[in-house]
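Trainee: Top line first, the protein sequences correspond to chains A and B. End of the first sequence sits at 233 in my numbering; the numbers just go up one at a time, nothing left out. End of the second sequence sits at 279 in my numbering; the numbers just go up one at a time, nothing left out.
Some hints here could point you the wrong way.
The following residues of chain B were derived to be distant from chain A, with all beta-carbon distances above 12 angstroms [claimed, not checked]:
| no. | residue |
| --- | --- |
| 1 | 28 |
| 2 | 35 |
| 3 | 36 |
| 4 | 138 |
| 5 | 144 |
| 6 | 176 |
| 7 | 180 |
| 8 | 181 |
| 9 | 198 |
| 10 | 237 |
| 11 | 240 |
Label pairs and their in silico Cβ distance ranges [as the list claims (entries may be wrong)]:
| no. | chain 1 | residue 1 | chain 2 | residue 2 | range |
| --- | --- | --- | --- | --- | --- |
| 12 | A | 224 | B | 121 | 56 to 64 angstroms |
| 13 | A | 226 | B | 112 | 24 to 32 angstroms |
| 14 | B | 275 | A | 27 | 25 to 33 angstroms |
| 15 | B | 275 | A | 24 | 49 to 57 angstroms |
| 16 | B | 171 | A | 38 | 14 to 22 angstroms |
| 17 | B | 35 | A | 91 | 54 to 62 angstroms |
| 18 | B | 121 | A | 119 | 35 to 43 angstroms |
| 19 | B | 264 | A | 145 | 37 to 45 angstroms |
| 20 | A | 38 | B | 111 | 45 to 53 angstroms |
| 21 | A | 119 | B | 268 | 21 to 29 angstroms |
| 22 | B | 268 | A | 91 | 36 to 44 angstroms |
| 23 | B | 111 | A | 83 | 49 to 57 angstroms |
| 24 | B | 267 | A | 145 | 30 to 38 angstroms |
With a Cα cut of at most 20 angstroms, we get these calculated EDC-like pairs of lysine to aspartate or glutamate [to be verified]:
| no. | chain 1 | residue 1 | chain 2 | residue 2 |
| --- | --- | --- | --- | --- |
| 25 | A | 186 | A | 213 |
| 26 | A | 58 | A | 196 |
| 27 | A | 152 | A | 210 |
| 28 | B | 178 | A | 134 |
| 29 | A | 58 | A | 92 |
| 30 | B | 172 | A | 72 |
| 31 | A | 115 | B | 186 |
| 32 | B | 190 | A | 82 |
| 33 | A | 164 | A | 196 |
| 34 | B | 178 | A | 5 |
| 35 | A | 53 | B | 273 |
| 36 | B | 225 | B | 143 |
| 37 | A | 111 | B | 273 |
| 38 | A | 215 | A | 196 |
| 39 | A | 53 | B | 175 |
| 40 | B | 178 | A | 62 |
Everything labelled a hint here was simulated from the structure, so no lab data went into it. Backbone N, C-alpha and C define an ideal beta-carbon position, used for all residues, glycine too.
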Amino acid sequence: MLSVEQVSRTFNNKQVGFTDVSFTVKEGEVIGILGTSGCGKSTLLRVLAGLDKDYTGKFTWEKEQVGMMFQEPRLMPWLTVEQNVGFGMKGDSNSTIQELLKLVGLAGFEKLYPKDLSGGMAQRTALARALVTEPKVILLDEPFSAVDAFTKMQLQKLLLSIWKQQNTTMLLVTHDIDEALFLCDKIFILRGQPGELYETIIISEPKPRDRGDFKLTTRKAEILSLLDLKQTV
Amino acid sequence: MLEHSEHAVLTKANKTKQSRYTKPKTNRKVLLGSILPLTLLIIWEASGRMGIIESHLLPIPSVIVEGLYQMALEGTLWGHIGTTLIRVFAGFLIGTFTAVIIGSLVGYMKIFEELIDPIIQAFRSIPSLAWVPLFILWMGIGESSKVILIAVGVFFPVYLNMVAGIRGVDRKLIEVGKIYGYTSFEIVSKIILPASLPSLLTGIRSGLGLGWMFVVAAEIMGASKGLGYLLIVGQNTYSPDVIIGSIILFAILGKFTDWLLKFIEERSLRWQDSYANQR
Ligand SMILES: Nc1ncnc2c1ncn2[C@@H]1O[C@H](COP(=O)(O)OP(=O)(O)O)[C@@H](O)[C@H]1O
Ligand SMILES: [Mg+2]
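Isolated chain A, as found in the complex:
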């Protein structure tokens, strides 16, 4: 459904975001993108979302409707939580919005403005906004970086249930190896600066998975060595 061929993005100042990335994604796959800070993960998602046109190489989507959750919440400050969630919706859809707000744990906060939200609440609002339109493909850029460990696990389950219901294709950028192991069918390891696609890891374990699964733990060690943590700051 998505095929990417040798896509690179070089910024004006000759700084390279990422280089020569190729991969394909099938419908309904959950792809994890792991990599150290600054190796071009966000830039890659922006290119794939069509927000950044100055790339070289080629990629094609089979389906058009792409949803995206950015690394920052990017809420409209003049809209309340519920209005923000409904931002991309056409027509009246209040019940869907309320339903999703409940799922992300924001029931009771509908009328607040973004200035009154904590980082984690803002991030969950942004997640609800990305999910509410039920896109066939969704790009998630570190979606749970600001929420606490417990809420994070619940939201991961939420993503999983949405994937089950709607067979949504997901590209999930994350720092969290456990998260990738829990959710993803394939994990792309980006490495270096500029980032290159260094390795693809296939995880065929059926979902939902047990977080303490021994097999997953061994994969974690494998991924850690691939990421070469000596490069991380």
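Fit chain B with the ligands to the given chain A structure using the hints.
Mentor: Chain B with the ligands alone, transformed into the frame defined by chain A:
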């Protein structure tokens, strides 16, 4: 009697207990702020009555108020106030409206910026009062030349703030609209305009201030009605009380309309994460 009044004070204190964190503060502010003006007023009145100030140059406050009161009784005052208000209002609407439209285009579309902004900047460097003779030549001393002059005054601050506001809109928010496949029109109406509202409102408030300045100019140049006309009447009939009276009315009206805008501003910007909105 004394006991009774003390009791009244006590119950009143009880009643205001809930709001005592805000009320006394504002009361105190009003009280402190009014000490100086009140003292000056009293000195002014007293020295006028004692003949220290010559009343044909600077009439005492009670005479000024009395004069305004007489005009109000005769009914002429309302006509002058109404005329001036209508002029300011019409000029303000026209100026604001054109500034918002042109400012939106210039702020949002590069081509309009390159096309229109240089000429507007050039016109901006002309002191707006210099237009007066030309407007009077073109349109006579009727209403239209006055309204247009006021509109010109209002236009620039609103335009400049509108453009600055749009330029300052966070690109990241616009990208959210793009993700949802918004058209240019939707991006402007749902993201850019609300995001630039704070800046626009600042512009509108300073525009209104200029509107009041220009209505004085317009009415001094030639009018048969209005507060500015009263200024001229006062000058020609050697009656400083009329002049000071209309100056006071200008101050009151200007303050009141600005307060109105400030009220709207606070209402519509409650979402802003600003120092003033901190609770
Ligand atoms: N607009 C830009 N202009 C110049 N350099 C950029 C821009 N955006 C990102 N970069 C650079 O590209 C690299 C990758 O950034 P990013 O994709 O945000 O990394 P990640 O999301 O993996 O942490 C970084 O070195 C960053 O400094
Ligand atoms: Mg990033």
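Trainee: Which hints from the list above does the structure break, by number from lowest to highest?
Mentor: Violated: hints 6, 7, 8, 9, 13, 14, 20, 22, 23, 29, 31, 33, 34, 35 and 38.
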